[in-house]
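Protein chains: 2
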Amino acid sequence: MKHLQVPARTTVAFQGDLGAFSQQASRRIFGPSIKPLPCVTFDDVFEAVSGKKADLAVIPIENSLAGSIHQNFDLLSRHSLEAIAETYVRIEHNLIAHPGTTLRQIKQIYSHPVALAQCQRMLRKWKKLEKVSFYDTAGSVKHIRECGLRNAAAIASSDAARIYGMKILARGIEDNRENYTRFLALAPRGRFVHAGKKTTIVFGLRNQPGALFKALSVFALRNIDLSKIESRPIHGKPWEYLFYVDLRSDIHSRECSNALRHLQEMTLYFRVLGCYPTF
Amino acid sequence: MKHLQVPARTTVAFQGDLGAFSQQASRRIFGPSIKPLPCVTFDDVFEAVSGKKADLAVIPIENSLAGSIHQNFDLLSRHSLEAIAETYVRIEHNLIAHPGTTLRQIKQIYSHPVALAQCQRMLRKWKKLEKVSFYDTAGSVKHIRECGLRNAAAIASSDAARIYGMKILARGIEDNRENYTRFLALAPRGRFVHAGKKTTIVFGLRNQPGALFKALSVFALRNIDLSKIESRPIHGKPWEYLFYVDLRSDIHSRECSNALRHLQEMTLYFRVLGCYPTF
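If you read the sequences in order, they're chains A and B.
Here the first sequence stands for residues 1 to 279, numbered as in this note's numbering.
Here the second sequence stands for residues 1 to 279, numbered as in this note's numbering.
Hints are not guaranteed to be accurate.
Identical copies go unnamed one by one, so any copy, or any two together, can satisfy a pair.
Derived lysine-lysine pairs resembling DSBU-like cross-links, with alpha carbons at most 30 angstroms apart [to be verified]:
| hint | residue 1 | residue 2 |
| --- | --- | --- |
| 1 | Lys214 | Lys237 |
| 2 | Lys127 | Lys2 |
| 3 | Lys107 | Lys131 |
| 4 | Lys197 | Lys237 |
| 5 | Lys128 | Lys52 |
| 6 | Lys52 | Lys214 |
| 7 | Lys127 | Lys214 |
| 8 | Lys198 | Lys214 |
| 9 | Lys228 | Lys214 |
| 10 | Lys237 | Lys127 |
| 11 | Lys197 | Lys214 |
| 12 | Lys52 | Lys127 |
| 13 | Lys237 | Lys125 |
| 14 | Lys198 | Lys228 |
| 15 | Lys52 | Lys198 |
Since the hints were derived computationally from the structure, they do not count as laboratory data.
Computed from a prediction, not measured in an experiment: that's the story for all the values here.
Produce the complete structure using the sequences and hints provided.
Okay, here's the thing in structure tokens:
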């Protein structure tokens, strides 16, 4: 399966402007015929699908250097959306400016704070340049384009350079090339059938010794591999957590369905966030 | 033990300006006679102790609403410092302005983005006011004071209002009163003896099914309670993690020292970050 089949012109919401890494991820999952809906914040992305302004959403969930995007874990537990696919995008950062602008003319560098943090080595070389935090990488290219900032550059994807007709001054300026982001595609619950080799669940446990150990035993006893575990605080219950777990297992398999039934004997809260393929 | 005994005028580095919540935490742990060293970033705090500009440091490690301060977990693994004490501070946010300024005159609200995010309910009531992100809560009070910004207010602690001679316009404006931050005091390795009822460790495992389950078994088999588990990505090894675990156990107890020896039979990396008392 090359792409997840959806009707042409299906609207897919994502955070950032056209050219954002999330848009690359949505094309990889759904192919080129979807209609992108850029949103300013992750809240807006979830609201767009919950409020039916978009059919689907694509969100980053984890970066191999920066770690989990915790806000999106919290939004997953607040909204009634399901994961229907995942993909991985290698993050390549480029220094982008107006055509004709040279590196010597640059006085300011705009980008998302995480992108600025991932290009420390190059930024130390250009230490006289002012760093400006912006809400999005692609949006920073759009901004210096639209405001005609000829002494500014932005750090973003090569897609963003192409979309806004800008020039790449330096390519691959990230400190660490092992820089990947994992994205999830989301849909309203029940719209897609659970189908894939990966299952994501969220659960809450009694706050007692050995509780997490017992919960993980349901997978270990059945040789089900966990690819990720993340804990997030429960608001209003200081030092209690929800656990988000990714399983390398199909929810329809006998061992996975048994494990999840076994798990529910000990959870205070349990929800399947999705069972989905990888693109 | 009311405070952790340190020589008078011991220098304690923390992130933020005078009046920061971290300074409150350092006073709670060490008492009033320490000399505060405000730092701009968490990196600066760790560097201050590593480079001997400060004797000790106090850092926030987790907030009951926002979750872990991941940057500080990463800095703990990069620097050779040890945890020597912990404390919990209730975070009360206040709207602070120049004496004589009224709420109607305010056009801008400055604070740290996490503080702004924790006062959404009040900020929605004052939705015409511009929100300005600043690097520190107390620092935003200092800024509007020093720049004479009479149409601006800051969100910060009552300590910050007192220190900079400013007025509290609205008290306790946080959305959720169950808002606590846990702080750790840090010292160069070997300077203090391990002594306390809580032990923090960090370890890395082989990436294989059941690895985390087996690791947690060393504690479950001995009825040692985990109060917190946090995973952070290992740079350069996508989708591999270091696990940070807090144990409600004294490292000198037989069960804890046995558990840690048992754990090291299966870890690729293991380090004790400290065993310490709570203040």
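Results of checking the hints against the structure:
1. Lys214 to Lys237: For Lys214 and Lys237, both the intra-copy (22 angstroms) and inter-copy (28 angstroms) Cα distances are at most 30 angstroms.
2. Lys127 to Lys2: neither (44 angstroms within a copy, 46 angstroms between copies)
3. Lys107 to Lys131: Intra 9 angstroms, inter 26 angstroms, cutoff 30 angstroms: intra and inter.
4. Lys197 to Lys237: This pair counts as between: shortest inter-copy Cα distance 23 angstroms, intra-copy 34 angstroms.
5. Lys128 to Lys52: between (46 angstroms within a copy, 28 angstroms between copies)
6. Lys52 to Lys214: neither (40 angstroms within a copy, 45 angstroms between copies)
7. Lys127 to Lys214: Classified as neither; 51 angstroms inside a copy, 47 angstroms across copies.
8. Lys198 to Lys214: both (22 angstroms within a copy, 22 angstroms between copies)
9. Lys228 to Lys214: The answer is both: 17 angstroms in one copy and 15 angstroms across copies each meet 30 angstroms.
10. Lys237 to Lys127: between (44 angstroms within a copy, 29 angstroms between copies)
11. Lys197 to Lys214: both (24 angstroms within a copy, 24 angstroms between copies)
12. Lys52 to Lys127: Between. Shortest inter-copy distance 26 angstroms satisfies the 30 angstroms Cα cut-off; intra-copy 45 angstroms does not.
13. Lys237 to Lys125: between (46 angstroms within a copy, 26 angstroms between copies)
14. Lys198 to Lys228: both (11 angstroms within a copy, 26 angstroms between copies)
15. Lys52 to Lys198: within (27 angstroms within a copy, 49 angstroms between copies)
Comparing the model with each numbered hint stated earlier shows that hints 2, 6 and 7 do not hold.
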